[in-house]
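Asks: Using the sequences and the hints given, assemble the complete structure.
Protein sequences, first through last, are from chains A and V.
So my numbering is basically just the index in the first sequence, starting at one, shifted up by 743.
So my numbering is basically just the index in the second sequence, starting at one, shifted up by 789.
In short, the hints are calculated from the structure, not lab data.
Ideal Cβ placement from N, Cα and C applies to all residues, glycine included.
There's no promise every hint is true.
Simulated DEER-style distance windows between Cβ atoms [what the hints assert, rightly or not]:
1. A:R943 x V:V1031: 56 to 66 Å
2. A:R943 x V:T991: 33 to 43 Å
3. A:R860 x V:N948: 50 to 60 Å
4. V:T908 x A:V824: 24 to 34 Å
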Amino acid sequence: MRTPSLLAIGLALLAPALLASPARAQDAARRGEALAAERNCGACHGERAVSGTPSFPSLAGQQREFIALQLVLFREGLRDVEAMRAPSEGLTDDQVEELGAYFASLPHAPPPDRARRNVGAFNNGAALASRLRCGVCHLPNLVGQNQVPHIAGQREDYLAGTLKAYRDNNRHGTDTQMNAVVQGLTDAQIDAIAHYVAQR
Amino acid sequence: MSHRVRRAALAGALSLSLAAPVLAQQAAAPAAPPSWAQGRSADQANSPLAPHAPRLTATPADRIPLDSLRLPDGFRAEVWAAGMPGARMMTRGEDGTVYVGTRTIGRVYAVRDEGGTRTSRILAQRLDNPNGVAVRDGALYVIAINRVLRYDNIAANPNAEPVELTGAFALPSEAHHGWKFAAFGPDGKLYMNVGVPCNTCTFDENRHALIVRYNPDGTGREVMGHGIRNSVGFAWRPGTNVLYASNNGRDWAGNDAPDDTLHRLSRPGEHHGFPYCSGNAWQDPGHTGRRCSEFPAPVALLGPHAAALGMRFYDGTMFPEAYRGRAFIARHGSWNRDNKIGFDVVTVALNEDGTQGRMEPFLSGMLEPGDNSFRGRPTDVLVLPDGSMLVSDEQNGAIYRITYQR
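Replies: Shown next as structure tokens:
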């Protein structure tokens, strides 16, 4: 095996050709914006992808990689959600990446109809989230990373529904981690976590 | 305790593992950690290490890291096929078509070489981790988690509907480590792994952590090896018909233990140690019921957390004499290690009686130690009739071809 230093130098020289430039990402986001308009994503997910529609998630500021992976799961029929069948049909891989780049580029914001904080539920949810170590994968500020979604400030009804779907094995991610994490939680516990996360 | 398992509506959609025992309204129901996080010690509880995200979209041709690949002198790599997100295990049909299994994206690809250019198509989709592909008597076998499909006379009928063999094989349905590597042995039997449905746990040792073989119709199940935590690659040493299997060691036992291993299955039904003993005679502190001295030592150590997956013996003649008969092993690359290792292809040269081997690097350059990042994940190797070798790269959905010219 070559020494690490030589290898690193060799790779560093090659790196610029391999990394997506900011301009490239901007182009992708622009094409994603046009595509999102064409597919009418805003009708359910909100004009700037901040959702005012119960049970439909906000996508603004979401992790690019998470969006792309979920769109592939929808397109391939591996995540079966009625409302996403037509919008994901026939998307090319490039379009999937472009939609990911677009939604990731939008400023995150809480939904316009976010409820007022219930201190008791918030504290219960915070304690549960701490015990379940949500912050390891979703990061302490719950903004996610790569395939792990940004959940802070997401719609509370959507979060609760998603956690229940994981608990009841009605939903998988790209792996089965979330199913195990929420295994055995009560509805009340899930509601508290959803409230806490939505208020972050 | 009720098991609530609801199957997804689509045929062949993700099967549901981890059948959740629903604890009715218990206030302090402690959630089990996800399978990959079981066995973590207290001082690792806040470790940020987590499995790497898959990539499910095609890598553009100009971003396939071909130029990063490093090989010994005289060897050369080319992109043989690309545009197949999630490409993993490979097998070759009699007509030269290469079939490629995947995990998350649920597809099986077929790659045809026509006049020096390759075309690929999606042969099957919406399957649950169809990692296992094997060809026998003109039929392609696709093995997903708890699903076995046979495509008869695949070369002449590329769009034939498969014969459903799922019931006959009756594979366990657990998703974690439930994806299969599959290959036909010299005895005409279909061999596959059954991984352990956890990181480390107490489990039925006749049901999990196995290499099993079946008649091609799913009858006659026999356990060829026990205590092999999760093998995602095995092959028979040329000239001996002895089976060798790569094996993935457990996570969360520190950066340097236990090693992944190469096992020699010389006696059918022998126990190879998991969960008691792994790697280099590493006794698991959580499983002390049996000692390392009770088990055959592995033939070679393949690196801690390196994810040694697909392996084949080199039985071609294009590569130099020194490489003939060696095992080539794709190391998918670590996630459960602070300083990543693997993301390469290594060789293991065996001694005369095949009981000991020595690991050497072969293909590297996917791992960048400078910032601890990786550019690709070698997953399987396959020797072609001309003696060249294919290497699949799951992260880039690409297959490289390695040739040698003096």
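Asks: Work down the list of hints and note, for each, if the structure agrees.
Replies: Against the structure, the hints:
1. Distance hint for A:R943 and V:V1031: a CB-CB separation of about 57 Å, consistent with the stated range 56 to 66 Å.
2. Taking 33 to 43 Å as the suggested C-beta distance range, the pair A:R943 and V:T991 conforms, at roughly 38 Å.
3. For A:R860 and V:N948, the hinted distance range of 50 to 60 Å is satisfied, since their beta carbons lie about 58 Å from each other.
4. Hint check: V:T908 to A:V824, Cβ distance near 33 Å, so the stated range 24 to 34 Å holds.
Of the numbered hints stated above, none is contradicted by the structure.
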